[in-house]
Amino acid sequence: MEDNNKNTRRKFLDKGLKIGLASAIGSIGLTKIASKLNAETKSSSEETMELMTTDGTIIEVDSSEVEEVKDIADHETKYRLREGMPNRKFVMVIDLAKCKNALKCQASCNKNHYITGEHAWLKVYKMQEDEDTAPYWMPTTCMHCDHPACVTVCPVDATFKRRDGLVLIDNDRCIGCRFCMAACPYSTRVFNWEEPDYGEAAEVFLEMHGADQPHNSIEYAGVPSKIGTVDKCDFCPHKIHKNEVPHCVEACPNGVFYFGDKYEDTVTNGAETLRLSKLLEEKDGYRLMEDLGTKPSVYYLPPVDRLVDFKEGLNFYKNFNSVDKSDY
Amino acid sequence: MEVSKKLVNDLAPQKFGKKGVIWTTFLVIVSIVGIIAYIDQVRKGQIVTNMNDYALWGIYISNFVFFVATSFVGAVTVAVLRLTKNTWRTPVVRIAEIISVAAIIMAGLTIMIDMGRPDRLMNLFIHGRMQSPIIWDVIIIPTYIAICLLLLYFPLLPDLAILKKHFSKINPKLSKWYGRLSLNWTGNARQTKIQLNSIQIIAILTIPAGFMLQTIDAWLFATLFRVGWDSTNMGGYFITGAAVAGIGALVAVVYVVRKAYKLENYITEFHFDKLGKFLALACLLYLYFNINEYLIPEFTSKKEEVTHMNLLITGQFAPLFWFVQVGGLIVPIVALFFKKGRKPLPMFFIGLLVVVGSWWKRFLIVTPTLLHPFLPVQGVPESWHHYFPSVHEWLITIATLAMALLIITALVRYLPVIPIKRTADEQELFETEKKSKS
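Just so you know, the protein sequences line up as chains H and W, in that order.
The first sequence maps to residues 1 to 328 in my numbering.
The second sequence maps to residues 1 to 438 in my numbering.
Some clues are possibly wrong.
Listed below are the simulated DMTMM-like cross-link pairs for lysine to aspartate or glutamate, each with C-alpha atoms no more than 20 Å apart in a straight line [as the list claims (entries may be wrong)]:
id: 1; chain 1: W; residue 1: Lys302; chain 2: H; residue 2: Glu129
id: 2; chain 1: W; residue 1: Lys302; chain 2: H; residue 2: Asp132
id: 3; chain 1: W; residue 1: Lys302; chain 2: H; residue 2: Glu131
id: 4; chain 1: H; residue 1: Lys89; chain 2: H; residue 2: Asp55
id: 5; chain 1: W; residue 1: Lys44; chain 2: H; residue 2: Glu118
Please keep in mind that the hints were generated in silico from the structure rather than gathered at the bench.
All chains, full assembly: derive it from the sequences and hints.
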């Protein structure tokens, strides 16, 4: 297992390096670069160029072998949609001690993903394990598991796991069998039972996703929703792409959500940026239903030393509603 | 080896009387209504069903599981009884094969009704990936359809030749069709040898294929985390359950066909007695797996399991649960223990009870589990806390059942429901034995 992990990481780095180089300077067949790297640069009569690889080593290549790549954008798009952003591993930390059910996260998520059904992607649960234990508010997103049960059972590879940690849905391929929904223990997936009705938002929407915009692009995998297919929290690749945090993180007035990169070992809630490993260690971070072996990318900090009273949140609690349609 | 005129006259397919025509028309109308409802569902989306993000599967899936289960009857009666050399099977095997064919074809169709995007059906073949249990189903169902058709067809060959001759004057057109389908059957030694070998191979193949089909169906649920499905008991549970549903359906259909075609001399009380014992055995086996499935979680009393069990035993599904367990299992077992219970008419009602119980049993396997996921059901409309099928779902589901009955009816109309050649051979054997004794 350990060996295997190392191996895949090595392969991953290797590929990232190759692609990074190719897209930075363009040109040269990948195999050629590989042979160059292995051969430690055969010095030739012509000029050489010094290039820095993604991991910081300087390499020298023959400049005659460097040429511009014409369809660089296309190349990147194709690479990332199912592969993910190179050398990233996105994680989220949700601090239950801070949540008071303000529901700003949900409102922002609903609005920005044009959720028109009855079921929000992001939910804040009123939790109480036992009558003797304290109640608390628990926001849930898609857990973006490293062992995603939904991906395992998908018959057509419509839902997929990317190397940057995201689990996304290709809703141009989904056949609507809902097996993934049955497989997900976190009940995070929702179904478009009817044609999504965007109402007045439709114009804004169409402006954003013009006809030239490829559907299921890196930025908007699974958006806009389509009838008869499955939807869920997408970890906002359109925000990550712009180096911004997801909508829920941005909208939360209490700094409950932290978003970041596991490889960089940092997470931020906008106001403060913390060391992930330290945060999880100091505050006893855990993951939901760890025993199922799904390996979620979302960590929780237990609701201890709470900053807010649980009861305050009850004012906003709506048992039978999670999508406010008046926004449209 | 001439087959007697009387035998052919008795067993050859007959034109339907008034009742038969009314029955067929009724089935056609119900099927058409269902097709209209389905077209409406395709146009509007599955919003016309009462399914929701929690009860994400409904009676389309449980009905599918029911059809898959019923199709098992071919494997159990034909193959198992053949390999165990139970000669009493002769007059009922053809009907079992017909039920199998109808059920498995309808299973293949009903699963598509549940798809959110039936227009993307081809994606299963273009993008199919082996790790998904749905792809296992995509592979095994067509395989089983093929096996069931062959299992029906091979033993038919001599009968088709007989029918060709029989109808040559009465109905030349029909006779021509029988002739074509009989593949120039003459009954010579070489043909017979090939035929018997083929039947033997197909009969043996049916057993592993049938087991695989039922097991894959069980694994559609057992491979998921949900409480009530996450059980290692599921494979055997589904196989025995399928035997119950299949034999139950067989008993009911045999009774109706016997009555309609007046076959009392061929399908006798002796056969019902044997079928009754066979059904009782299947029910007992299924009861055993039921006890495993429900008693162990009740004993260990894990929190989630208790929620599930309470929903079944005392909660909103209690009336259905007890009807299925007592009406669909205990009552038939007790009734079948008595000789009087194994007479044709009581057997017919027991068969119906078992089939109805089996249908609702699948509903109880699918729905209650979905209504109590690991995280609480919150933030969705109140109606999403329950599930009961909508009018569209009922119309479509009833239509699929009608279509299955329509396939059975059509096959019963045009094929000899009791193997003619085999019956003749057995009668001859019986006569010679009698003569040699006297």
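Verification of the hints:
| no. | hint | verdict |
| --- | --- | --- |
| 1 | W:Lys302 - H:Glu129 | holds, 14 Å |
| 2 | W:Lys302 - H:Asp132 | holds, 18 Å |
| 3 | W:Lys302 - H:Glu131 | holds, 17 Å |
| 4 | H:Lys89 - H:Asp55 | holds, 16 Å |
| 5 | W:Lys44 - H:Glu118 | holds, 17 Å |
In summary, this structure violates none of the numbered hints.
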